[in-house]
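Given the coordinates of chain A, work out where chain B should sit on it, guided by the hints.
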Amino acid sequence: MTQLWNFGGGVHPPENKRQSNSRPIRAAGLPPELILPLQQHIGEPARCIVEPGQKVLKGDVIAQVGNGMGVPVHAPTSGRIERISLEHVPHPSGMSDTCVVLIPDGEERWGELVPHPEYRKLERDQVLALIRQAGIVGLGGAGFPTNIKLRPSVDRKVDTLILNGAECEPYITADDMTMREKADQVMTGLRIMAWLLRPERVVIGIEENKPEAIAAMRQAAEGSKTEIAIIPAKYPSGGEKQLIQILTGQEVPSGGIPADIGVMCQNIGTAVAVADAILQGKPLISRVITATGEALAEPGNFEVLIGTPASHLLACAGVDKQRLSRLVLGGPMMGYTLPSPGIPLIKTSNCVIAASASELPTPAPEQPCIRCGHCAEACPMELLPQQLFWHAKATEFEKAEHLNLFDCIECGACSYVCPSSIPLVQYYRFAKGEIRLQRAEQQKSDRARVRFEARQQRLDREQQEKDQRRKDRALAAVEAQEQKTADARTMVQNGTVADERAGKSALVEQALARKKAKAAAASAERAEPSTQSSEEAPLEALASTHAERIPAAEPVPSIEELEQQLSQAQAKLEKMQSMLEDARSGKAPNVDKLERAVDKNIERVRRAQRAIDDAQTTPQQA
Amino acid sequence: MWTSIIIAVGVLLGLAAVFGALLGFAAERFKVEGNPLVDQIDALLPQTQCGQCGFPGCRPYAEAINNGAAINKCPPGGEATINALADLLDVEPQPLDSEHGAAQAKRVAVIREDECIGCTKCIQACPVDAILGSAKHMHTVIESECTGCDLCVEPCPVDCIDMIVIEPDIHSWTWAPPVVKGAVPGEAPGSRLIATDSEAKTHEESLL
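From first to last, the protein sequence lines stand for chains A and B. Heads up: the first sequence runs through residues 1 to 622, numbered per this note's numbering. Heads up: the second sequence runs through residues 1001 to 1208, numbered per this note's numbering.
Looking at chain A on its own, in the form it has when it is part of the complex:
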């Protein structure tokens, strides 16, 4: 006898399972059209690879895995792709998503199937790839890709593999009937998963209210090491974390996954799908769905092709449209209302309740919380539902988060026991959604900040580079000018003038020298040669003699030319001064250099001015 533990809280809602588990699983058959959403799993939507009008065979891939996590979608039967469009999908929002619509041709012609009965001879990764290619996701409701779940990271060795046959939610009997009728397939699928994971312990947890299923599984597991654990009926014992606690006594850490404590939970339906995929090569194109509720004449379980509209399933079960007041997908505790019966059933749908008005009446209006504390007693996660409710209602999401809001499994036990009919879980879902939204926004704003700062940096850098280039250019120009002047001087001294511009500046120099010489001569003439000027005079005289040696062929600059030079020099000076100011305000390291350059330019302007004056006063030498 397997040792069992208990989890805190839990409720005992009326089971309502008898209606649907008294008939064997029937085939729902071919509906007039199949609507296949591209996203039936957690992760990225699959990428459609068919076109409208294309013929497909049963089991053909119609949408392949896109970027990131996901599984392919297959054609549930042979037929023609009618359209690829936005259709209503089973989602609590009642919104639309991209779907492939397939019109069956009624031939049910299979594409090529590749069975792998000798899977043990394959690599484990190959088997995982087969599971992924078969489009298998967790059929319990979350729709997590099974191949990813079956490949835990190296540091997380799975030593306990649990097959979840608890099915604790009222009304639903899909797993119950699957275990009764397909016990061998369940065991095969479990063996494949056990072979992949190599756990030390394999347990099938079944609630005590399913004696037929227990008997069938016992018989199928005969001779194997697989334990069949019969657990007390209590909602939500089929919750992954609760079942793990019941069977191992361990709690999954907050925010963690079962693999963190070396446990993995798989669904009954998933095991069947894995067995079909490996041994027969069949992709996941159908599943067992419970159709129940008082509005149905023949409630029961059906083998339903993925994408079958709920209305087709209801018709199979003999729906009385007069009595139907509410259509619910999933169980009464965790399901949601379907806005219309045309919505397709997908890989994660396990139950459709066609409820009459008396079965699921409009809930009583919400009353104020009386702090009775029943919710805290019922909570299987041992949270404080009433505190969470206050904070969620007051939109103090941070405080709710501090009270471990994200550990809430949304089982609805608190809402079930609330004497004030407060829709507690709705508040938690709302708070969770808002927090996720805020996080997403925070991420986006962080990214925007990074981009904004990167842009600012780039602009600053560009501006600096531009400034630097301008300064470099100015410096180069100044140096070139100096070089030119020096060249001209040497040329004047050597008596050779290479080019016109150098010649011009040489002429200016020449004129200057002449004037100086003249002035010196005049002063010498006027007064007796004094001792002070005697030192300068010979030098200037020398310079003037040098200057007079310039070839006469070179034309003497006209006044206009000199004026032009003056205005050029002035413009340059102004430019240099503004650059100097820039450099000073920007505290650039080359301020002193620029200052020197400006002084030089001032000198140059002065010289040019003098040259003009000189040219105007002295008669032209022809």
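It should be emphasised that the hints constitute simulated quantities derived from the structure, not laboratory data. Just so you know, even glycine gets a beta-carbon here, dropped at the ideal spot from N, CA and C. Accuracy of the hints is not assured; some may be wrong.
FRET-style restraints, in silico, Cβ to Cβ [said to hold, decoys possible]:
no.: 1; chain 1: B; residue 1: Glu1033; chain 2: A; residue 2: Leu86; range: 49 to 55 Å
no.: 2; chain 1: A; residue 1: Glu441; chain 2: B; residue 2: Glu1099; range: 20 to 26 Å
no.: 3; chain 1: A; residue 1: Met69; chain 2: B; residue 2: Val1032; range: 39 to 45 Å
no.: 4; chain 1: A; residue 1: Ala215; chain 2: B; residue 2: Ala1080; range: 53 to 59 Å
no.: 5; chain 1: B; residue 1: Phe1019; chain 2: A; residue 2: His402; range: 35 to 41 Å
no.: 6; chain 1: B; residue 1: Lys1136; chain 2: A; residue 2: Arg151; range: 48 to 54 Å
no.: 7; chain 1: B; residue 1: Leu1132; chain 2: A; residue 2: Met69; range: 24 to 30 Å
no.: 8; chain 1: B; residue 1: His1137; chain 2: A; residue 2: Asp467; range: 27 to 33 Å
Then chain B, alone, in the frame of chain A:
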């Protein structure tokens, strides 16, 4: 008598010197670079860099708030940002200053591409480099990076940029808060289903 007083004074002086030195060392050694409060404020702002607050970006506004500016000048952040800032700075939350604009639904810029003349003016205006294109070639907005700041709309010479309100789709949808009593009886699909089974208990019991 005097010796004991001198000893006491000496001991106290010694202690003062030691702790003074310790504090001085700690002040130097563990000095915080920059102003951490500005960073915290900046982290709460929505980073649209739209300038609606009157400051050239979110960081300058964060600095201004740190220096005493009002916290209610950020329309893109809306009430949530004001409350978060009030929480951080321990001041009373104020209603949004309408002078700086009203809170709007999240929007994204979309260029009508056949009308774009490729002038690059919007590219230069975008504070987060979310517009792609080059001179005389069509530009386009990288939707995932657009903050909806509006700054690209005004410079466009041919008015080919639209600000589109982001409609919630199936991937961004979240649960609405429960309908409080007194509100319309017609419920949103899916709301109030959990545990409605409890009301049906009497019915089930009558079945048994």
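So, against the hints stated earlier in the document, which numbers end up violated here? none
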